[in-house]
Amino acid sequence: MNMKDNILVLIFGAVILTMPLWAGIVGAGYPDLLQKFAIFGLFAIGFNILFGFTGYLSFGHAAFLGIGSYTAMWSFKLLTMNAIPAVLFATAVSGLFALAIGFVALRRSGIYFSILTLAFAQMCYNMAYSVLTPITNGETGLTLTATDPRILDAATTEGLPSTELFGMGLSGYNGFYFCAIILIIGFYISVRLYRSSFGLMLLAVKSNQNRMKYTGLNTKPYLLSAFVISGMYAGLAGALMVVIDPLAGAERMQWTASGEVVLMTILGGVGTLLGPFIGAIVIKYFENIFSAFNDAVLNQVFGFLPDFIQGIWVSFASLFVGKGWHLTLGVLFMLIVIFLPGGAMEGFRRIAAKFKKEKEAHSAGGAE
Amino acid sequence: MSSILTVEGVNKNFSGLKALDDVNLVVEEGSVHAIIGPNGAGKSTFLNCLVGRLVPDTGTVLYYGNKPEGETLFGLPPHAINQKGISRVFQTPEVFEDLTLFENAMIPVMAHLDGSYRFNSWGGVLSRGEIADAAEHILSDVGLLEKRNMHSGSLSRGDKRRLELAMCLAQDPKLLLLDEPTAGMARADTNNTIDLLKKIGEERKITKVIIEHDMHVVFSLATKVSVLARGHIIAEGAPQEMKGDARVQEAYLGGAHL
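From first to last, the protein sequence lines are chains A and B.
With the UniProt record's numbering applied, the first sequence corresponds to residues 1 to 368, in that order.
With the UniProt record's numbering applied, the second sequence corresponds to residues 1 to 258, in that order.
Don't read these hints as lab results, they were simulated from the structure.
Among the hints, erroneous ones may be present.
Stated by the list, open to error - Taking lysine-lysine pairs in the DSBU-like style, the calculated list, with each CA pair at most 35 Å apart, reads:
| no. | chain 1 | residue 1 | chain 2 | residue 2 |
| --- | --- | --- | --- | --- |
| 1 | B | K67 | B | K224 |
| 2 | A | K354 | B | K224 |
| 3 | B | K147 | A | K357 |
Put together the whole structure using the sequences plus the hints.
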């Protein structure tokens with residue numbers, strides 16, 4: 001951790017915390033969306049500790065997201081509406097699950113590892129729907145009720161309670177700031193991990209496991225540690241979801257959610273510190289914009305065209321918006337993987353390199 | 001001189017094919033022991049048996065690096081074998097190609113200091129000065145210090161070999177195994193590697209076992225040569241004796257009945 005990293009974290013923190021002030025300019029200035037940025041950003045940053053640092057691609061991280069959500073809900077139901085215990089319990093429990101799942105899945109590498117994690121996540125998802133209904137409340141999802149015991153603060157609340165932090169409600173912008181502070185802490189930890197000797201070992205695992213082993217280093221515990229840490233990030237993100245909106249459903253654990261975080265990480269830049277967060281924001285931002293479009297809006301956009309052409313355009317474009325926004329995401333993803341395999345961060349690097357070159361050419365020309 | 005590795009009556013079959021047939025060998029401490037032989041003689045199988053990667057059908061291999069009574073290495077994972085003081089150089093240099101030379105050098109230093117796993121997740125990698133110092137030291141030993149910030153993937157094959165050797169030396173091994181250390185190298189790189197190995201041999205007393213094809217390398221480095229052909233050790237002695245040995249000539253020049 002050097003001066004440059006401290007500055008990076010400070011700027012990151014400042015940008016996140018001032019988001020409510022400037023996000024309105026790009027049409028993202030409302031708490032729901034900003035909360036999503038923070039939560040999915042945290043999820044992707046944690047996922048990157050496994051996928052980006054060690055190269056092990058997990059297709060089952062949504063399981064930890066769900067486990068974190070359920071654990072946090074039970075903390076609300078049984079103990080207190082305070083968000084702190086919920087967040088701590090969720091992180092710890094998802095860490096335990098990650099330890100168990102990781103222990104088995106890490107017996108294999110490459111595609112087999114991915115398949116094993118996917119299988120475990122689908123198992124968790126199906127169990128949440130079936131045999132674990134007493135804990136997860138099945139299809140309905142786990143909700144707060146007025147009759148919850150809440151040992152620590154049942155007396156202080158009346159009616160249906162809401163989540164709080166020492167008396168401060170956590171809806172709207174309060175909720176965003178709570179998530180944002182945890183996101184900044186999470187980012188700071190990931191930067192420190194990256195610069196630590198442990199982080200270097202993870203990069204070494206990614207680079208050459210054979211040399212690692214013949215250097216007297218056991219790769220297993222390094223991989224398992226990374227898996228557990230990233231599982232804990234996912235659990236924490238899951239807890240934040242129910243802090244914002246106290247409802248936990250099993251669909252959160254579906255494989256599409258696991259796939260989404262993979263897309264975010266790749267889109268932003270695998271193995272970079274900021275990339276996964278940028279990927280998360282890009283996806284959540286465009287999801288918000290594109291899924292809000294409907295035929296009426298499209299008709300307005302293409303209103304300048306003659307009627308029959310307008311009809312064709314609208315029916316074509318409507319494939320890519322609203323519920324069809326995943327098609328847009330798919331196209332975007334393909335373009336990134338083909339033209340910018342390093343994700344958005346590589347794009348920034350290329351642009352920076354180009355500017356630098358032009359500047360150098362300019363100053364060289366000036367010197368002559 | 002005492003021995004560091006003894007091989008007794010080792011046999012290894014691969015589905016009926018006799019790869020090693022009653023092989024006996026003693027590696028003396030401090031020697032540079034070359035194992036030569038034509039293609040398919042069983043050299044690689046033998047090397048893998050030496051380090052416990054392959055378990056022979058019969059016979060024993062005892063390593064005396066740590067215990068005077070010797071210990072067997074069969075079935076141990078590679079990292080455990082390495083922690084016992086055995087380092088290995090591969091035919092194709094194995095380095096961390098995505099990392100810089102300096103990072104490459106730091107990893108074996110940490111492995112040497114901290115053992116096979118240490119969860120040092122908070123301190124920056126450069127916060128322990130002794131690691132950076134040792135890494136710089138080994139890079140300068142092999143003449144790669146000025147390239148410390150380059151990614152090792154962009155090095156020439158000869159330089160990768162230098163780096164790999166440096167990484168092995170950083171762990172201060174008792175036994176260094178070299179599997180065709182100059183395979184696929186240009187003449188100049190081969191000579192550089194030989195010079196480097198000679199220099200290492202002068203500075204530190206590390207026992208070396210070299211599997212080699214190239215007679216030039218063998219006669220420049222080895223203190224003892226064993227000739228392996230068709231799974232047997234057919235001759236053994238000082239390099240100069242081996243040069244003129246009729247059995248060696250036969251094995252190499254096609255007289256061998258394969």
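A quick look at each hint next to the structure:
1. At most 35 Å may separate the alpha-carbon atoms for a hinted pair to count; B/K67 and B/K224 meet this at roughly 24 Å.
2. In summary, the hint linking A/K354 to B/K224 is not supported, as the alpha carbons are separated by about 58 Å, beyond the 35 Å threshold.
3. Pair hint B/K147 plus A/K357 holds up; C-alpha atoms about 23 Å apart against a cutoff of 35 Å.
In the structure shown, a violation is registered for the earlier hint numbered 2 alone.
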